[in-house]
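There are 2 protein chains.
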Amino acid sequence: MTVEVTTLVNGEPFSTLSVHDRGFLYGDGLFETIAVYRGKPLLWDRHVARLLDGARRLGISLPSIADLDGDAKRLCAGVERAVLKIILTRGIGARGYLPASDSSTRIGMRLPWPDFPRDNARAGVSVRICETHLGHNPRLAGIKHLNRLEQVMARSEWSNGYAEGLMLDGDGNVIEGTMSNVFVVVDGGLITPDLRACGVEGVMRAVVLEAAANRGFRCQTRPLTLQDIDAAQELFITNSLIGVWPVRQVANREYPIGPITHKIQEAVRDAHGFERD
Amino acid sequence: MTVEVTTLVNGEPFSTLSVHDRGFLYGDGLFETIAVYRGKPLLWDRHVARLLDGARRLGISLPSIADLDGDAKRLCAGVERAVLKIILTRGIGARGYLPASDSSTRIGMRLPWPDFPRDNARAGVSVRICETHLGHNPRLAGIKHLNRLEQVMARSEWSNGYAEGLMLDGDGNVIEGTMSNVFVVVDGGLITPDLRACGVEGVMRAVVLEAAANRGFRCQTRPLTLQDIDAAQELFITNSLIGVWPVRQVANREYPIGPITHKIQEAVRDAHGFERD
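Sequence lines, in order, name chains A and B. Taken in order, the first sequence gives residues 1 to 277; the numbers are from my numbering. Taken in order, the second sequence gives residues 1 to 277; the numbers are from my numbering.
Please keep in mind that the hints were generated in silico from the structure rather than gathered at the bench. Each residue gets a CB set at the ideal place from its N, CA and C atoms; glycine is no exception. There are no misleading hints in this set.
One-sided and incomplete, this derived list gives chain A residues near chain B with beta-carbon spacing under 7 Å: (1) Tyr26; (2) His145; (3) Leu146; (4) Asn147; (5) Gln151.
Extracted from the complex, chain A is given alone in its bound form (with noise of 0.2 Å):
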């Protein structure tokens, strides 16, 4: 009998991590969400680099990227679909936030492709305003970090009906979505917003990035309103896992899906291997 490993601490075959690790006692580490086709981690290169990058801004002992490739190949061998996630802590320490360890954590689980309806990508999505806010913290503004709380009151209101909500900051721009970023069009260009107060600085949204700009589009990050959203032409949400879904409704304004949001669509699964359901 073999038994199938899913889940991987410092490289071995547990699923259970120590109730002193600082990742669990003060959410003190980082993760990455990535989406696995055909046995291989997709954008894997860049899902390392933002979570080396995390743990330089964190100041976390940088795992060896053999032993988080290692992890992944164990993880995703023979896997037509699923999800890689990769979580980094800073390890066990002494009591107090002092973050005097030297050691860190590395754990990597494989999990069921989620049950995303088929059809978000093709005919898009409702999205809600959240009335959880986003707190501004410079410091941490843009990482992956294990610091969810705000994510988790957000999408704790709604059950049904909407496939994201959109989160803003205190002063009322919108940020994200709970797990996603978010682009508008306007007059022709695209528009996401500035992370340097708050969000998380999604892998796939670096993707859109570069995709638009390679396709010419003018492509701006600054402070998004609410304004902004409503005399938006076209919308689209972004994560690696989602890819691109388009943005059918917010509150009661609907929108097209339009021209430029099928040219990032495409420019994303022409690039990086996603294939659409």
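Since the structure of chain A is provided, determine the placement of chain B on it from the hints.
Quick look at chain B alone, frame taken from chain A:
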């Protein structure tokens, strides 16, 4: 041979938890840090009440008080001096932020009493002003939740010379220390920061507010500025482990250890059985 139990997970003597627990994945949970003295967790009822209040606010299934009491008794029996940490998470749920779990995970751990310098309560401490800010989030403000990266980043700003660092919000208001609440004495009355936008409502803070009211001191809860800190006649910090530590110095400004600080220290000692070293 008896194996001494120092950690309990849902009442069982385990020291690990599932990597799928939302407390780990998202910091989706709460904690209490409690002084143990001569077999008793001090201010236990208040800590339990705050934990349950936080659970209600986050929508986490409440543990039974009997279970919490049982954990505490088991971990504290016969212990002269220690720290009891209680953690409550939303448990294991489906992938994604939606808090669909109706279970919770209850963890208790006994930790060694920290090596705080014994003289801090009498001689006072030096504190610094941190550069890491606290983000505003009214939905999470006051709650002692597991999202503590802001505190970790703030605490990493110094390694020695200071007992604590004060944290400001993005508007420049003083909110709290990395591990403590802060009080100033101005014109013979106490002021402690308003925590409606961010910060943790410490159990010791509540004890001090009551002690102050009982002794007839005026006590205001309002936004606190660096000007207030500068203008203060006395300054002290509080938490459940340190009790009340007078602050002797913030940046270049020095403070006497004044009569009101002494009276608050006495009141806390008298009411709650803390034996100062």
